[in-house]
Amino acid sequence: MRILQLHSNFIEYKPIQKEISAAEEAEKKAVRLEEIVVLFTAVEEGDNIGVAEKAVEEISTFLKKLKVNRILIYPYAHLSSKLAKPSEAIKIVKAMESFAKVKGIETFRAPFGWNKQFTISIKGHPLAEQSRTILPSEIKEKKEEKISEAVKAEEKLESFWYILQPDGKMVPVDDFDFAEHENLEKFARYEISKVRASQQMPPHVPLMKRLEIADYESGSDPGNIRWYPKGRLIKSLLEQLVTAKMIEYGAMEVETPVMYDFQHPSLADYLNRFPARQYLLKSEDKELFLRFAACFGQFLMVHDTQFSYKHMPLRVYELTRYSFRREKSGEVVGLRRLRAFTMPDCHAFCTDLEQAKNEFITRFKLCINVLKEIGLDREDYEVAIRFTKDFYEQNKDFVTSLAEIFGRPVLVEMWVEKFFYFILKWDFNFVDNQDKAAALSTDQIDVENAKRYDITYVDEKGEKRYPLILHCSPSGAIERDVYALLEKAYKEQQKGKSPMLPLWLSPTQVRIVPMSDKYLAEVEKIAEAIGSENIRVDIDDRTLTLQKRIREAEMEWIPYIIVVGQKELESNRLPVRKRKSGKIQKMTLEDLIGEIRKIVEGKPFKPLPIPKHLSQRPQFYG
RNA sequence: GCCUCGGUAGCUCAGUCUGGUAGAGCAACGGCCUUGUAAGCCGUAGGUCGCGGGAUCAAGGCCCGCCCGAGGCUCCA
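Be aware that the first sequence starts at 10, since it is given in our numbering, and climbs by one per residue.
A couple of the hints might just be wrong.
As the list claims (entries may be wrong) - Keeping only pairs whose Cα atoms sit at most 30 Å apart, straight-line, the calculated DSBU-like set for lysine-lysine is:
hint	residue 1	residue 2
1	527	621
2	291	63
3	445	427
4	612	504
5	254	615
6	27	473
7	94	125
8	592	500
9	587	527
10	366	319
11	405	374
12	592	506
13	23	38
14	592	504
15	218	587
16	125	27
17	592	612
18	103	337
19	405	460
20	295	27
21	23	100
22	427	460
23	595	504
24	63	110
Hints in this document: simulated from the structure, not taken from any laboratory.
Construct the entire structure; sequences and hints are all you get.
Below you can see the structure in the form of structure tokens.
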């Protein structure tokens with residue numbers, strides 16, 4: 010930072026015209042200030058808040074010598090040839106202003122980004138004219154991080170916690186009897202006191218590796234995951250299911266860019282209201298960030314969209330592959346918390362609070378259904394509802410109706426003030442084997458962003474109005490759904506049951522094990538018959554013992570295993586080893602196909618993405 | 001991000017304390033076995049001991065820095 014510091018009798022300046030698009034708003038009016046120290050200031054590349062503070066510190070010492078306590082911060086680019094970006098410079102200039110005010114200095118500031126004309130009269134004493142250069146200190150620069158205002162605000166956030174019962178009674182968490190709500194207690198403790206018992210690795214991590222679903226990729230950044238064919242299949246099916254449900258609900262699927270310009274005015278402002286850390290990207294002279302949700306793209310799109318109350322609620326949906334959040338390294342674990350993840354994100358633009366509330370209920374039910382279809386029942390997760398005190402007091406019945414629909418007590422977090430851009434949100438939380446909670450589905454009522462992005466609709470009277478925006482992820486991150494399914498399977502195993510994935514997600518649904526290669530040709534025909542019914546079937550044609558092949562099929566969590574030998578070919582009845590019951594049941598081929606078709610009815614299907622014959626199959630892990 | 005622990009064959013791990021020739025099981029590959037519902041037998045091959053630097057005659061082991069993972073702290077819109 011370079012400052013030309015002039016002790017003046019007076020300065021008179023007048024903004025003439027905006028020089029850059031990022032310029033501040035200002036009146037084209039002459040300003041005259043007397044007996045003042047004028048600071049012509051150029052913010053240079055690499056300057057940060059620390060520099061602003063240091064500058065004010067130095068100036069303040071100097072002001073005392075001069076016995077003056079008035080300054081004018083006058084943005085003046087011509088002092089440096091390596092200027093900071095305007096958006097950065099304006100922040101630092103503003104920071105200087107507030108630091109100075111805090112120090113009790115009477116502070117004025119000329120608008121940033123304007124051509125200004127000025128007249129100045131400088132005192133003649135030896136200290137009247139000074140030039141100073143302030144550089145960022147090395148250590149501070151390294152530690153300095155782009156943390157949004159929301160992240161900082163959150164640190165100061167004060168919450169009050171309750172349990173809301175389906176009958177509408179709200180009990181402070183400490184007074185609630187958790188006897189029959191063990192998971193809710195774990196979730197509440199996790200949210201509030203952050204106590205956790207676990208000493209073990211998250212069980213889904215060895216599982217995701219051993220089942221050849223996914224693995225860490227050390228060649229990338231932490232939290233960027235590698236998906237093997239079976240994992241890709243599972244993830245892809247989940248993506249298809251969620252998308253199908255959203256289209257059925259009436260959402261319009263779109264696709265938007267993964268990276269955005271840091272300088273864009275709406276975006277920069279929004280970044281500061283969203284508590285997430287970003288990946289930054291430099292491309293030529295542009296600074297970009299990777300999206301952490303679909304909000305940006307959808308809002309920019311809807312900003313340019315013509316719509317009226319007749320089209321509302323207007324529902325826009327995108328499956329973001331990926332969304333990026335640079336979570337703190339200590340937080341990134343397995344598939345629970347990633348830095349790059351696939352998130353379905355659906356916004357509904359609503360005319361007023363009444364419509365928003367109706368839509369909110371529709372989506373609440375929709376999300377319960379989406380999780381159920383995925384394989385997560387109501388018993389598998391806990392609900393949190395979070396709101397401002399004002400909202401609750403004006404909408405008690407509405408809030409209660411959510412708990413009523415869910416049918417079990419829910420955790421409530423109440424804020425005295427609005428810290429975020431929303432007034433109400435809920436989230437469904439999976440409690441895992443380490444007693445840690447992870448949010449899946451969520452929805453919120455946003456009261457700020459329509460204005461920020463200048464999104465308007467036309468009402469009955471033909472007037473432009475700002476809609477309310479609902480932000481919903483119907484399933485939460487897809488990776489997190491896989492995490493929840495694996496953790497759920499592990500829980501089942503702890504209870505003595507055979508762990509498994511839902512049938513529609515099992516990579517191999519039916520495995521046929523021929524007694525020996527004599528029966529291969531016949532087995533191919535059976536596999537053909539099953540496969541033609543959109544059932545994923547494979548054949549263990551390896552020359553291993555039968556027992557070994559059964560064991561491996563069981564370890565792969567295959568739902569149906571059929572051994573075929575002489576007897577089967579003669580009898581026409583297949584001994585089907587069912588994982589779910591743990592029993593071998595004799596069935597005809599038609600019965601087996603019928604049973605599977607019934608269980609997976611209405612679910613997406615994709616063929617097996619690996620060789621049908623196990624002898625042809627590579628091993629990705631272990 | 002901080003503290004603690006860990007990283008040795010594709011996988012799971014021993015060896016590190018006390019420096020002195022790189023180990024096992026599983027998997028892979030070759031062969032035998034042609035099997036009746038959760039591990040058949042024999043053999044072969046497989047290693048920059050996470051990466052970089054240092055002290056030492058000598059480092060997987062000791063010291064320093066970094067990367068990756070786990071637990072805790074913090075955080076989780």
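What are the numbers of the hints that this structure violates, sorted from low to high? Violated hints: none at all, because every hint is consistent with the structure.
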